[in-house]
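Listed in order, the protein sequences are those of chains Z and E. Heads up, the first sequence stops at 483 in the working numbering, and the numbers go up one at a time, no gaps. Heads up, the second sequence stops at 483 in the working numbering, and the numbers go up one at a time, no gaps.
Worth flagging that the hints you see were computed from the coordinates, not collected in a lab. A portion of the hints provided could be inaccurate.
A pair counts as met if it fits within one copy or between any two copies, since identical chains are not told apart.
Each computed DSSO-like pair below joins lysine-lysine, with the alpha-carbon atoms no more than 30 Å apart [claimed, not checked]:
id, residue 1, residue 2
1, Lys53, Lys362
2, Lys399, Lys437
3, Lys230, Lys475
4, Lys249, Lys110
5, Lys468, Lys371
6, Lys341, Lys371
7, Lys110, Lys250
There are 2 protein chains.
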Amino acid sequence: MKTTNSMLLLQPLQIGTMTLQNRFVLPAMVTRLSGEDGYINKDIMDRYLRYAKGESGLIVVEAMAVHSAKSGPLLRLSNDSFVAGHRELASRVHDASPSKIVPQIIHFLKVARSGWRQLVSDLSLDDVKSIVHDYGAAAARAREAGYDGVELHMAHAYTLSSFLSTYNMRHDDYGGSLENRLRLPCEVLAEVRRQVGKNFPVGIRFLGEECIKDGFTVVDSKKIALRFAKMGADYISLSAGGKFEDAVKKVNAPLYPYTGYSGERCMPGRNYPDLCNLYMPAEIKRYLVMHGLHTPIVAAGKISTTAQAEEILESQSADLVGLARPLLIDPDLPKKIKEGKDETVIRCSYVNICKNLDENFKTVRCFYWPKGMIQAPESDDETPPQWNASGAQLSVEYKHGKVSLTWNAAEDNEGIYIYDIYRSIEGQPFERHHASKSNHFYDTEVVGGDALAYYVVARDFAGNCSEKSEEAAIKIPEFEYSF
Amino acid sequence: MKTTNSMLLLQPLQIGTMTLQNRFVLPAMVTRLSGEDGYINKDIMDRYLRYAKGESGLIVVEAMAVHSAKSGPLLRLSNDSFVAGHRELASRVHDASPSKIVPQIIHFLKVARSGWRQLVSDLSLDDVKSIVHDYGAAAARAREAGYDGVELHMAHAYTLSSFLSTYNMRHDDYGGSLENRLRLPCEVLAEVRRQVGKNFPVGIRFLGEECIKDGFTVVDSKKIALRFAKMGADYISLSAGGKFEDAVKKVNAPLYPYTGYSGERCMPGRNYPDLCNLYMPAEIKRYLVMHGLHTPIVAAGKISTTAQAEEILESQSADLVGLARPLLIDPDLPKKIKEGKDETVIRCSYVNICKNLDENFKTVRCFYWPKGMIQAPESDDETPPQWNASGAQLSVEYKHGKVSLTWNAAEDNEGIYIYDIYRSIEGQPFERHHASKSNHFYDTEVVGGDALAYYVVARDFAGNCSEKSEEAAIKIPEFEYSF
Chain Z
1 MKTTNSMLLL
11 QPLQIGTMTL
21 QNRFVLPAMV
31 TRLSGEDGYI
41 NKDIMDRYLR
51 YAKGESGLIV
61 VEAMAVHSAK
71 SGPLLRLSND
81 SFVAGHRELA
91 SRVHDASPSK
101 IVPQIIHFLK
111 VARSGWRQLV
121 SDLSLDDVKS
131 IVHDYGAAAA
141 RAREAGYDGV
151 ELHMAHAYTL
161 SSFLSTYNMR
171 HDDYGGSLEN
181 RLRLPCEVLA
191 EVRRQVGKNF
201 PVGIRFLGEE
211 CIKDGFTVVD
221 SKKIALRFAK
231 MGADYISLSA
241 GGKFEDAVKK
251 VNAPLYPYTG
261 YSGERCMPGR
271 NYPDLCNLYM
281 PAEIKRYLVM
291 HGLHTPIVAA
301 GKISTTAQAE
311 EILESQSADL
321 VGLARPLLID
331 PDLPKKIKEG
341 KDETVIRCSY
351 VNICKNLDEN
361 FKTVRCFYWP
371 KGMIQAPESD
381 DETPPQWNAS
391 GAQLSVEYKH
401 GKVSLTWNAA
411 EDNEGIYIYD
421 IYRSIEGQPF
431 ERHHASKSNH
441 FYDTEVVGGD
451 ALAYYVVARD
461 FAGNCSEKSE
471 EAAIKIPEFE
481 YSF
Chain E
1 MKTTNSMLLL
11 QPLQIGTMTL
21 QNRFVLPAMV
31 TRLSGEDGYI
41 NKDIMDRYLR
51 YAKGESGLIV
61 VEAMAVHSAK
71 SGPLLRLSND
81 SFVAGHRELA
91 SRVHDASPSK
101 IVPQIIHFLK
111 VARSGWRQLV
121 SDLSLDDVKS
131 IVHDYGAAAA
141 RAREAGYDGV
151 ELHMAHAYTL
161 SSFLSTYNMR
171 HDDYGGSLEN
181 RLRLPCEVLA
191 EVRRQVGKNF
201 PVGIRFLGEE
211 CIKDGFTVVD
221 SKKIALRFAK
231 MGADYISLSA
241 GGKFEDAVKK
251 VNAPLYPYTG
261 YSGERCMPGR
271 NYPDLCNLYM
281 PAEIKRYLVM
291 HGLHTPIVAA
301 GKISTTAQAE
311 EILESQSADL
321 VGLARPLLID
331 PDLPKKIKEG
341 KDETVIRCSY
351 VNICKNLDEN
361 FKTVRCFYWP
371 KGMIQAPESD
381 DETPPQWNAS
391 GAQLSVEYKH
401 GKVSLTWNAA
411 EDNEGIYIYD
421 IYRSIEGQPF
431 ERHHASKSNH
441 FYDTEVVGGD
451 ALAYYVVARD
461 FAGNCSEKSE
471 EAAIKIPEFE
481 YSF
């Protein structure tokens with residue numbers, strides 16, 4: 001590991017008129033903390049202040065509507081009455097830390113419990129004009145509220161993404177070719193720029209790949225990125241999937257775009273390798289540089305370790321790393337890395353309970369947070385947890401296709417947050433494998449023939465680690481066969 | 001480009017007792033040329049002899065059933081009466097060329113027009129035992145027929161793949177954990193080995209990634225590959241997707257596993273970048289080598305150029321290249337490359353008409369083959385096509401979001417097969433972009449701002465090229481916006 005001084009992750013980055021203190025980005029992430037009224041409330045405020053204290057370079061506030069269409073709980077910037085709340089949020093974030101903060105602004109089409117949803121081909125030209133106008137007005141409000149910039153939501157299943165999509169079935173100037181699919185997003189970008197001026201950063205989030213049948217891939221998205229870069233977008237943040245086309249219909253519920261395969265590719269879980277979406281920003285970055293454009297690119301998707309994040313920058317696959325789930329579980333990740341305390345970061349295990357909460361329209365919190373908390377724990381305690389006098393006494397046993405691990409509970413002056421389980425296969429170096437809230441764990445990710453070794457550490461609310469437990473090894477019986 | 005002598009693609013490879021003359025593999029590809037009776041017929045024979053003449057190192061004959069279950073037209077090796085036909089096929093291929101030939105043997109579960117399909121969890125333990133037995137017996141017949149080896153089909157939507165799948169819902173020893181999902185495939189491999197002995201190559205084709213929600217990815221497939229390699233599989237051939245779980249239901253037709261997103265990932269079309277599935281074999285190869293295993297790996301999935309194929313071997317991402325659609329359009333590809341005539345290869349354009357024919361249960365042929373032919377054209381003519389006295393007169397025009405290209409028809413002593421369209425963007429080198437059967441073409445893959453240049457060449461049945469046409473350039477109007 002490099003010294004913190006030389007880490008690219010900790011280098012500032014100028015984006016238009018805003019200077020990010022480091023390369024960590026909190027991408028827009030639904031919280032379901034907002035009320036039906038669309039105003040900023042205390043829970044929302046607390047959530048983003050928590051990220052600010054953790055010193056993310058850029059905080060993107062969850063999507064907020066540019067228009068007044070009906071929806072479930074959702075923030076709004078759709079008229080001037082909403083500005084005051086946002087002004088308070090931006091101001092408090094600025095007071096709390098050097099983090100920059102931008103809102104993600106969204107337009108969405110109608111969905112019904114029947115499963116019906118409005119398509120871009122249902123919109124009149126007047127509807128299309130309204131979208132341009134509403135985006136411009138909301139961006140102007142974002143500036144008025146004291147935000148450091150604005151991010152245009154052109155990803156997932158929402159209006160501008162649906163225009164960019166190969167599923168855009170319009171047969172006028174707004175569909176039928178890539179150029180036409182780009183038309184409304186470009187008109188929106190131009191109008192937003194007209195409203196906010198040159199010295200207010202405008203970022204765009206869109207899809208590196210739709211991850212649906214007949215959807216677009218980097219073959220198109222690199223051209224889309226090139227267009228936005230040429231038009232002066234200040235940064236480009238790449239997501240993947242999250243579409244209606246493959247969403248799973250539930251009875252008496254509107255389609256929700258993260259329930260299908262494309263939703264899984266948007267928030268890849270344990271069944272995916274780390275960095276599984278990185279090829280998208282990497283190809284787009286390469287393509288822009290080839291065209292002489294150096295628009296900062298945000299990569300996201302299961303960036304699990306500090307070394308991986310640093311390598312993304314080093315390999316010039318992207319300029320910024322978007323960490324949603326890793327910052328949910330530990331908003332202090334950037335600060336801890338800056339202070340050289342990488343080993344105290346609480347790491348995401350990608351079990352996607354947060355994704356599941358969102359799909360079920362419940363408050364999005366991290367499953368690993370101590371019981372009842374709706375914000376990440378906060379602590380500057382420096383006393384690490386201790387094993388009791390007899391040690392951790394880690395024992396492992398293989399039965400019913402799983403390795404069962406048990407150990408003694410650790411003790412701490414504040415409380416135990418989590419146990420991290422480290423694993424080595426076949427004598428390879430130990431890697432953090434999973435986490436547990438209690439002092440037992442089943443490892444189902446094993447196969448016959450695996451020579452496994454484990455140790456566990458306990459962490460308190462600040463992420464301070466106990467000593468490692470003793471190691472415990474087990475050989476999973478080989479599959480038996482005879483020729 | 002290297003000289004042919006130094007090309008890794010042209011180096012022989014020993015696989016158990018069989019020596020491949022080069023690294024080109026024809027993966028099993030449905031032809032729909034077989035009759036309902038399951039016997040080898042003349043059309044089938046012609047199809048594989050055509051590949052043999054083209055000198056692919058390994059020809060894998062389309063999937064044939066190990067059991068006698070009802071199905072549409074499908075080859076069989078399910079009883080001894082089928083052996084004679086296969087013996088003739090293997091023998092004629094060996095007479096025609098040094099190509100090695102192995103059959104892919106398959107077990108599948110029942111599907112009904114209602115949409116019902118049998119699941120692995122519906123099988124009794126006796127059913128499971130029969131599968132093991134039937135695979136062993138069919139493999140023994142493959143050996144008896146004079147094939148050079150046998151390939152076990154564990155990919156896509158068929159029985160053994162469904163056991164490997166995370167969708168295997170059995171709750172006995174054959175499901176519920178990766179080890180249990182592996183059990184039947186391993187029992188089959190062991191039984192096949194018992195039946196054919198050590199000196200008969202046994203390959204396995206399975207999925208690097210299921211490409212369905214909650215499906216497995218390389219996280220599991222590398223462990224699956226490791227198991228097969230440890231058990232002595234002679235080669236591992238990797239495909240992707242092709243599952244029932246996301247297949248599109250049509251009224252009064254059984255589900256067909258290539259109709260959904262995963263089917264698209266199996267045979268990636270023009271919307272995908274070249275080599276889009278290469279990360280799967282590359283990761284698996286790396287993992288096997290890390291474990292000291294050097295089982296040959298076959299990579300497949302939109303390997304479009306000779307340079308790409310060579311680079312796959314050079315980077316040690318795989319040991320063999322599987323070319324299905326590229327060998328369908330031009331079975332002579334390996335021979336032409338060996339003879340240093342790469343420029344005469346007729347290249348696939350990935351428009352996937354072949355995939356579409358298969359989905360509609362029609363004879364699989366290449367859309368670009370001259371009209372009416374059910375086999376690839378064959379010619380050793382050396383006279384290239386000519387433009388007429390006034391030249392090709394290529395003209396380009398941009399309208400309605402497309403570039404319309406027209407040129408004069410070329411002339412040839414035998415006949416014109418195809419026109420190849422080369423394109424350059426923004427002064428980058430020309431690349432083969434697409435193909436046309438007639439002397440006009442619409443390029444829909446353009447976007448405002450593109451500075452494009454084109455030329456075309458005509459090819460005869462042997463792939464001989466005409467002179468390049470003159471170049472024609474066009475600038476697609478920029479998207480207009482003002483701030």
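*So which of those numbered hints doesn't the model satisfy?*
none
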